[in-house]
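Line by line, the protein sequences give chains A and B. So the first sequence is numbered by my numbering: it starts at 892 and just counts up by one. So the second sequence is numbered by my numbering: it starts at 892 and just counts up by one.
One or more of the hints may lead you astray.
Copies of the same chain look alike in the list, so a pair counts if it works inside one copy or between any two.
As the list claims (entries may be wrong) - The list that follows gives simulated cross-link-like pairs (lysine-lysine, DSSO-like), each with its CA atoms no further than 27 Å apart: (1) Lys1139 to Lys1098; (2) Lys923 to Lys1168; (3) Lys1232 to Lys1039; (4) Lys1031 to Lys916; (5) Lys968 to Lys1139; (6) Lys1031 to Lys1232; (7) Lys1157 to Lys1179; (8) Lys916 to Lys1168; (9) Lys1167 to Lys923; (10) Lys916 to Lys1167; (11) Lys1031 to Lys923; (12) Lys1039 to Lys1168; (13) Lys1179 to Lys1168.
Just so you know, these hints were derived from the structure itself, not from any lab.
Protein chains: 2
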Amino acid sequence: MTHYNLALLGFGNVGQSLAQLLLDKRDELRDKYQLTYSITAIGTRSHGMVINTDGLDIEAAIRLAVNGSDLSTLSTKCRPKNVFDLIRQCKADVLFENTPVNYQSGEPAISHLTFALEQDMHIITANKGPVVHAYSFLAKMAETKGRKFYFESTVMDGAPIFSLFREALPAAQLFAFHGILNSTTNMILTRMENGESFDQAVTYCQKIGIAETDPSGDIDGWDAAVKVAALVTVLMGIHLNPADIQRKGIREITIDQIQNARLEGKRWKLICSAEKKNGRVMAKVWPKLIGPESPMYAAAGTTSMVVFETDILAGLSIVEQDPGPQTTAYGLLADFLNAVKP
Amino acid sequence: MTHYNLALLGFGNVGQSLAQLLLDKRDELRDKYQLTYSITAIGTRSHGMVINTDGLDIEAAIRLAVNGSDLSTLSTKCRPKNVFDLIRQCKADVLFENTPVNYQSGEPAISHLTFALEQDMHIITANKGPVVHAYSFLAKMAETKGRKFYFESTVMDGAPIFSLFREALPAAQLFAFHGILNSTTNMILTRMENGESFDQAVTYCQKIGIAETDPSGDIDGWDAAVKVAALVTVLMGIHLNPADIQRKGIREITIDQIQNARLEGKRWKLICSAEKKNGRVMAKVWPKLIGPESPMYAAAGTTSMVVFETDILAGLSIVEQDPGPQTTAYGLLADFLNAVKP
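Excised from the complex, chain A in its bound form:
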């Protein structure tokens, strides 16, 4: 039986779902994987920071977070001055970094993850920023340290994409992929097919928590481009800047276009694609008319999917239906189990 101390940066929907999943799977992981764990620290931007190296009361932490209360009341043993101090003092074996993405620089997440690696922790994140802006640096540093840098939940939530190539597809060379990687725009397009206006569809997505107050990151294809950049950088081994991706969002697609497509039995989708040729990558995020002969036609609502073309498997698709915060949390848990497996 091995015990792991876990630290959580960010305790929003995903962080709370991870904490709940760690509670739910406690017995299963003890029995099947011979491992136990405590959460020894939680750091948030607006709801305080807390450390207890003997293990925090996870249920109480979730209750406080749901109520919007300050987490620091959970323990008075130790008061971290800042996030670096929290990382230094929390005695964690694994740091989960789940703060909001900074598309421009990936900071401060990159600095936090780097510092955690320096303290010999495995680092696991659902934050695309560090993957797009510092994958190579963090992966090399993790290797040097004998630790793992995993980030399954950054693309398609908890569906196995990075671990698929890392663990299940050895010696497969990826040369192209295409798919639907942004759930929010896909949901908006599906709602518009069913008669809602663009604004109504956006409002709905905000209500169910899949669109931000400012939804432009999704609508203008920026989130999709960042995911394409992450896939290209990690799986094709070529660093790609999201800004270098040809990108057009769904803002200009009209109700008329969508209804005309419907009459033809087709659907507008925001399609991501990338192709590697002669050591260079061409990548694109662009709206496209899709017919029922394509597997992407049936991907409605928040469903996302990707079709991989490799030297070995002509077309291998992964489709994730109806993801939620628990799905993202599962990606983090799977990363944890893969990071510490013997």
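Using the hints provided, position chain B relative to the given structure of chain A.
Only chain B this time, still in chain A's reference frame:
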């Protein structure tokens, strides 16, 4: 750098493709995985057996097989009396078993694999028989021996299914799945949609090598049922006999039914499904009308797919387009790399 001796039982399409893939990936595997390999033995039913513990000439072996010649001319160093003698003498670290499936008993493959485990080899097979009839026995024996028993290529060719759950989806509980697992019937139905008769479609499948001279194993849903049984047995942990699966093939589907479905924008598919409830499994292979809202609608020709429902991911689908012998060979190679990975 680690060197592995490999033995191959069965040297038909799949065995030859594996040999070719081992040639093609030789440099890549040496550079990226620090491993080298020789094929030290090949055993076939009708084209002889050959052993050379210094390594056979793989290109020559493929040439002989393509020409239908006897393989024993490849080396005169050692004459195995039978398959057991070949396994005993070949000094292999890994046995690849790719002989035709025996649906009724899984023999003689089970005995050969057992004997190879006794000689401390990893055992890898594309043969469904041993998985359906002896999974529990072989898996336990492999564990005791500190060896691996892998069989990725038994379901959906080289697409990662078993390795997905084993390596990339830790702590996910599978409670249901459905999909299209038999390529031949799917191709027949696609050809009938396009105007061919049942007999014409079967003849086409025989011509391209995906249907046997007696195609009833595919057409009557038997192959699909065996795959369902393999998935249930391995991934749900409940032994299921293929004969206990409710099964109906595609023999009774008429051209009229298919064309009527087409007019409604639907397609007939042979759908596999299984659901675990209260420790029991209900499983079925049955023709079903599928509309374009289902991801299975777009799965045409030899494409196969499966949708997994787990406690964590509501719906995770794997789709494999256009598989061939090389795809199956890749599943075997991936098993090899996963079996020997440090």
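Do the hints match the structure? See the list:
no.: 1; hint: Lys1139 to Lys1098; verdict: within (25 Å within a copy, 46 Å between copies)
no.: 2; hint: Lys923 to Lys1168; verdict: between (44 Å within a copy, 21 Å between copies)
no.: 3; hint: Lys1232 to Lys1039; verdict: both (11 Å within a copy, 17 Å between copies)
no.: 4; hint: Lys1031 to Lys916; verdict: between (31 Å within a copy, 25 Å between copies)
no.: 5; hint: Lys968 to Lys1139; verdict: neither (51 Å within a copy, 66 Å between copies)
no.: 6; hint: Lys1031 to Lys1232; verdict: both (20 Å within a copy, 20 Å between copies)
no.: 7; hint: Lys1157 to Lys1179; verdict: both (10 Å within a copy, 23 Å between copies)
no.: 8; hint: Lys916 to Lys1168; verdict: between (44 Å within a copy, 20 Å between copies)
no.: 9; hint: Lys1167 to Lys923; verdict: between (41 Å within a copy, 20 Å between copies)
no.: 10; hint: Lys916 to Lys1167; verdict: between (40 Å within a copy, 19 Å between copies)
no.: 11; hint: Lys1031 to Lys923; verdict: between (31 Å within a copy, 16 Å between copies)
no.: 12; hint: Lys1039 to Lys1168; verdict: neither (30 Å within a copy, 37 Å between copies)
no.: 13; hint: Lys1179 to Lys1168; verdict: within (23 Å within a copy, 41 Å between copies)
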